[in-house]
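Chains Z and W supply the protein sequences, listed in that same order.
Taking our numbering, the leading residue of the first sequence gets 7, the next gets one more, and so forth.
Taking our numbering, the leading residue of the second sequence gets 20, the next gets one more, and so forth.
Just so you know, these hints were derived from the structure itself, not from any lab.
Possibly wrong hints are sitting among the right ones.
Below 20 angstroms or equal to it, Euclidean Cα-Cα: the simulated EDC-like pairs (lysine to aspartate or glutamate) are [unchecked claim]:
1) W/223 / W/34
2) W/273 / W/179
3) Z/271 / Z/326
4) Z/271 / W/50
5) W/624 / Z/109
6) W/624 / Z/277
7) W/624 / Z/130
8) W/665 / W/813
9) Z/271 / W/52
10) Z/271 / W/39
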Amino acid sequence: MARLSERATAGEIEEVRVRTLGRSGELTLLMRQLGGLAPEERRDAGRLLNEIKQQIEARLAELKIRLQQEALRRAVAEPPIDPTLPGLGIRRGRFHPLTVVLEQALDIFESMGFEVAETQDIEDDFHNFSALNFPPDHPAREMQDTFFLGGGLLLRTHTSNGQVRVMESRQPPLAVVCPGNCYRRDELSVRASPMFGQIEGFMVDRVGAVTLADLKGVLGEFLRAFFGPRTNLRFRASFFPFTEPSVEVDISCLLCAGAGCRVCKQSGWTEILGAGMIHHNVFRAVGYDPARWQGFAFGMGVERIALLKLGVDDLRLFFENDARFLGQFPAAGLERV
Amino acid sequence: MRVPLGWLNELVSVEAPPAEVAERLTLAGLEVEALLRVEPAFSGVIAGRVTKVERHPNADRLSVCEVDAGAEGSFVVVCGAPNVRAGMVSAFARVGARLAAGAQDGAPAKENPGAVKPLEAAVIRGVQSQGMLCSERELGLSDDHAGIVELDAGAAPGQEVAALLGLPDTVLDVAVTPNRGDCLSILGIAREVAALFDGRGRLKRPPRGTFTELASAGTGAPAPLSVEIDAPALCPRYAALAMSGLQVARAPAKARTRLRLCGMRPVNNVVDVTNYVMLEQGQPLHAFDLDRIAERRIIVRTAGETHRRVLTLDNISRSLEPAQLVIADPKEVLGIAGVMGGLGSAVTATTSAIVLESAYFDPQAVTRASRRLGLRSEASRRFEYGVDRQGQVTALRRAAALLKGWAGARVLGPVVDAEVSAPAPREIALEMRAVGAMLGAQLKAAVVRRRLRAIGARLAPAGRATLRVTVPSYRADLAAVPDLVEEVARLSGFAEVAPRLPARSFASKRPERRRAMMRAMREVLVGCGLTEVRTLALVAADDNRRYPGRGFLSESAPCGPVGVENPLSAELAELRESLVPGLVRVLRFNLNRQAGAFHAFEVGKVFFRGHDGPAEGARVAAISYGPFAFEGPGGDQRSASFATLKGVCETLIQAFGLGAGLQFVAPGRGFSPTGAGGSATGEPALAVAVPFLHPRRSAFITRENRIVGLLGELHPEEALRLELDQPAVVFELDLALLLAYGLVSSARVEPPPRFPAVRRDVALVVSRETPAGEIVSEFRAAGPEALERAEVTDVYEGVQVAEGRKSVTLSCVYRSRERSLTDEEVNRMHAELTARVLSRLGAQLRG
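Next up, chain W with everything else stripped away, as it sits in the complex:
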């Protein structure tokens, strides 16, 4: 809401500079976002009465005028405007005046007048012109150059035009919150200022004639039209006033200037009156051409089935919903209530009689209609925020007074005020102690009463220490005790409330394990050389196609991605199923910026459409690309590989005490997520291969036969698409797993062993396809109690073993808890164990 101070000062007197007014409004919840100083774009322009108009002797389209400029004297001026006529008062630019910059070239002026050369006397087609009469464009008011400015006929010649237009002025740009519809008006802001400057500011009484005395004007005359409300729930009140004898023309220059200062475009005097009153009083008005209303009957009803379309003012045919509120006559729809009028009943240049509509429309109905039609206007916004339930007739009276002055209109009969039922004034019982209980500050009862009176509430005692507060009709937001407490607090200033700390100790009774674990996880990954990134959870549908994240992890039976119904763009059309596409995008982003290596992780949510609707999962994922460790002179540099990222993954898993329970399983090998029994359990089916991972360089991470993560190089095709020179490796892990199983049991601690260990190495030749992990498992499974560890120390493929086979060296460590083992014992155990494993695996000892 833009509030010109010149206008505000007509309604309220306040002894404070504009900056202070702005500050107080801001602190009271009406944030003044800007304080704009508006200077006239011209100087040296005064009011001049045109006393004589003659045709230019040498030019058909020019006139030679005599202009009375009061004390300045009388001047001869050549003028080309079609609207110049004797008797009018216009803007006269004397010799030496400065006009708006660029006005002569056809562009509206924006520069300050100092930059423009002063006006000189000129000879135009043989006649000397001692100045000029100005258009709005020449004054920098608008880009209107069709005629010269017409000032109020009462303006005294010689007066400064800037002052007549109300310039310079300061405009407050106020951000009005949805609860304060009353402040979408100069009057509302004036009330607020008066309340805030209690004692230093007060509302002014409107001067005589501000509100036409309709009672006398229309007494006894028959009502010139009828109003029927068929949809009382959507329109509890509809007041109308007919006027005739008007002449459609321009509104006075000062009014036009004010409309512009408020961000509205002047149209003609009738439309401008409706807008002017709306800005001033907050009540939107609409003007119909009286002669276009069939039977002079206005019917407020829902569109129903018979009228499905209406041609609105902007010449667009709009569809109507049956439940939508419209204004109609017996024949057709005249307009969409509160949103936009119809073209058929619009005021035109030839209109001489009108009906002014001033109604209260249900806010939600207007919100629905304006949203459905995509039509937002100053009027619809006010209806949506809620207008004064009692303000309809006052606005009509104000409009009638203005139309009388601006258009010569006469009132045609009394106001037709159709009101379904007058609402009872809202009363709230306020226990005085409720104020202190909510604010935590003791305010004197007198202060509370004074603040409430300042906002226009009426107070009556209701028992000991309780007030009956009757709130004014324009404050629909005041419905309960906390609303009144807020009024008291904001008018007093929140600075009055001294801070304190809660008396109760809220010391947390639930130690937040999840946070600690998340923090530990991030620590481990950062320590492993990965940098944390954060990407948007909204991705392109394509990302979910390329990086399907569902079905791999332990989340319950997902069946599709979650799409957004109203996405911002195709790039943000779905919720991610996996963190990997975001990591890949960030990798590419950094490579494009000359990064040679990139190692990152993200912790975040993923989303699926499950059988029971959308569901959320949480993941941790990482990407690794390029030189990773031991870089530098003399360093044995390692680049990102399956093994390096597996190392990170293992470190993370071990940090959570989960090492033993997890397996890394090559895709399609020795693993059935549903156990031996097939898919009867409804577990997620094993994807034979993850489409975005390298089929030969990837693995599932499993726990108890369920997939809880994956690890691998990006698929070569994907690497090609992304133009990666080196392999990029990723892993993604189910966070629920880490949080649910990690660090649960307090591990048993044992003292260090007392007896020495004995180590025996063995090299086996097995099929190339046999995973080393399987050999280790066999050793562990078949090993005697004294086998402490069995680990792979080397894998060899090459000329020394047969084609299609490889040699795997294991180190077995034996130890007893009770005594030192002898060489002979160990040799026997090791030989037996090796023999068992060889036969089970069909392996040979390497010779």
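Next up, chain Z with everything else stripped away, as it sits in the complex:
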């Protein structure tokens, strides 16, 4: 006991404890011998030994606490860590910007009651062209230079095949968006790619229920949700074989807000998508009676809306996958504007 100084280590304390109070410690052995003593001696010796034991225990506990306090003092007095050093572990990756944009667009459409249906990339002439009112040998087919696969098959030139695929297997009312990849014979360039994404959307209900005014309302809701609440839109007459009337939809230029700039060629407007009322011939091709049903359809390019949204001007960046480009997009997705 006497050798146990104020500065005893944990090991020394333990050693003393074992030597005195342990199973075969000195004190323990002495206490075991108590049984051999006469009752009176036993009482006195027992009392003495217990006193000694309590003293030892108290002393050991005191030293232990002192030791712990010493350790705590040391622990908070250590030189500080450098909190500016990088953390360790796995670095989170990034979503591709086209995914972020597509998911955001689909979220908006789903919130408006559209279902999402994906259809096939490899198509036949009927679903990509004929059913969509592209007659054979019609110049409109050449607006979409097609990759052919042989055997009457081709790579779809637009996601409008989704209209046909869904309508021929189901009955109205329908509100569906069909995202997917399309293919046209365009070299990869600043503005075009042989493969690109589209979102086709359509809504069909009884004649008079889903009108051009509804198309305008739905697209307005979408475009404002996607590009910001101050986004204006206008309809411009156009031509697509599978819609009549057909319109191009322009939004107020995101850069100059309609004042006119280089990006919008001073017009204040940017072309964003094509749309229209579904052509009666499309309804006939899928077995719908045009006297009974009416609907609208629209289609937009995913890269196109992504370029506008992100303020990027070279479509090739999306397919190059340069880590320094991809790394710029926040992992949790883009905030709504």
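Please arrange chain W on chain Z, whose structure you already have, making use of the hints.
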């Protein structure tokens, strides 16, 4: 379609500035892509009548001319042009005039005149020249420098040449959609402008002489030629007009300027008339040399078997298909209908009599022919879009009037108008309420009627609230009620339609599970440190050879890659079988840009040619290269390895609740995709090794004995080819598997165990080749109910075990649901289990 406003204004009067015209056309579906201001490249040049031409005293090739410049006076000018003659009116550049930049050096001018020094008086070979007579090149009109400009003989001397040429002018560049063939003409655009500016614009009446009165010219004369239509389906109408007494020369300068403004090259007055009328009226014309047509008989027929080739205007011998429409005489083919004329019957410098062809050819027939021959022209485009079914004779009359003025031609007999059957005017019954039902906006009946009249439709009432609408012949696109609704809407302006939202709630009845799962999958992979990439689904055939993706996964019996018949390039000739080659390419791309590490994944489709034709599959694949985790000061950095990517793969699989069902199987080991029975089931055969993966560091991922994915380092050979310094690891998984089996059952949830677990470790010495997974399986299979877990905690190979063997340490956890297990119980269970496994595996306990 390029529309010079000077020309347009001859046909329509409109009180609006060009920018407004362009805006209205654009909103109405005729997008004006550009509004080009065309300025003359010269100034100070006036019309001058050459009154006298004498030979230069000191130079054989030069003339000394006297030029009457009207009020400006008379000038002596030295001129070297071969075509100068007394009486002609040419472009006279006074002293002080500015000519097109670079014109003197032989290059056509493009600069603005301000940059050029003004013309000075000069003494040429001893004779003073007070200005000069100009060629087209000197005026910056073309690179023609063969002679001086010849202006209309009626032009008054002293007038500004720019004004005589119709300059400056503004050209609208209009994008015409395939439904509006009628707008491939100045007249069509004029009609459109008149309709759009209803009230502020109207079509002009053509001045007298614009259309020659053929009736009087050819009355009583016998027809100078005959026309037979043998293929009425392909050519319902063919009108022809013969003219004679013409002189082939240049067309007037103003006409030549207009053709150029429209993007066409002037040739000679006859060809220029056909082009001019085509641009103005929309009806293509063709001129044959009348004297080259055998028996003066024109036969419109299919090429048939007898005529297999024709030499076209461009001096190329072209093959003909039997079903192709041609223009022929009794002897030979004169031209390919609507596409290109033959050289043999072409107008030449010596031609004095011609036949003008004005026909309606079937649009699809012309499209087929022009596409097959690779010949696209202004004429074929108009036929393809469809010309006015009734416009043939009007165009001939217009051409006849121009040829009379430009070439001195006389009409030779009446128009020969072969028409199989005149089409009835198209009538559409329009219920007034159909307009509102489609637009969702109520338009007044009067407005609807007014819009339809503006496009030239005739209206008659047909019962209550229904109109019988007769559409003009040039609007072939108007065939049904929606077409009329579109006309009303676009002329009124779509701004008239107020937006609204559908009354019905389309709230989705089918929760889209696939999307949610795809999103979850991307989240997991991004969280595991992989960045998403997107690559083209079109790859080189070589990519599919190197990275065959078929046969490994659960897609049905594929037998080859899907090739593109008309690829853009060899690099994009096939559809990918696997996502791996795209990932490898992106890895190499980033390493070339100094990336030290790259970890990416892609979700996308793959394609195979199966027994029933091309089929699609969906995959998720990843690539990992270089430092991956715990990088940084004090970090225990990990680089991409089989184990790190397997970790990602397991995390993904577990996130989908699929962990238990999947095995990682070394190639060629203990796995038969067809079960024990061989290949009778027609399942995809197991590839013994995946050619692009390291044979010793790769695995198949299987479920119920079918391959659903693969994982491994790229083959060292492939790494060498790609010049990779470190191993690149990839995995590819069948997406259908995750989507079909993942997250299906709602997992049963149990409360946490109430009694403590007891752990016992055991180290076994087994053959080096024994997979650890097999040992674990044995423990699990043979273990008592109380065995909760058996896991590998360490693998050792080295001096402490025999050559060719390894020590595998397992941790076994025992627990009962009913009570606390005693040490003795656990020791007994563990000893029995260990003994069973040792004997089954031929293993020893490590001493």
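Each hint, compared with the structure:
Under the criterion of a C-alpha separation no larger than 20 angstroms, the hint pairing residue 223 of chain W with residue 34 of chain W is consistent with the structure, at around 13 angstroms. Using a Cα cut-off of 20 angstroms, the hinted pair residue 273 of chain W and residue 179 of chain W holds, with the two alpha carbons roughly 13 angstroms apart. Simply put, residue 271 of chain Z and residue 326 of chain Z have alpha-carbon atoms about 28 angstroms apart, too far for the 20 angstroms limit, and the pair is violated. Note on residue 271 of chain Z and residue 50 of chain W: the hinted pairing holds, with a Cα-Cα distance of about 13 angstroms set against a maximum of 20 angstroms.
Between residue 624 of chain W and residue 109 of chain Z the alpha-carbon distance is near 18 angstroms, which keeps this suggested pair within the 20 angstroms criterion. Straight-line distance between C-alpha atoms of residue 624 of chain W and residue 277 of chain Z comes to about 29 angstroms, which puts the hinted pair past the 20 angstroms bound. Straight-line distance between C-alpha atoms of residue 624 of chain W and residue 130 of chain Z comes to about 18 angstroms, which keeps the hinted pair within the 20 angstroms bound. At most 20 angstroms may separate the alpha-carbon atoms for a hinted pair to count; residue 665 of chain W and residue 813 of chain W meet this at roughly 17 angstroms.
Taking the CA atoms of residue 271 of chain Z and residue 52 of chain W, the gap is about 10 angstroms. The hint holds against a cut of 20 angstroms. Proposed proximity of residue 271 of chain Z and residue 39 of chain W is supported: the alpha carbons are some 16 angstroms apart, at most 20 angstroms.
Hints 3, 6, counting from the list given before, are not met by this structure.
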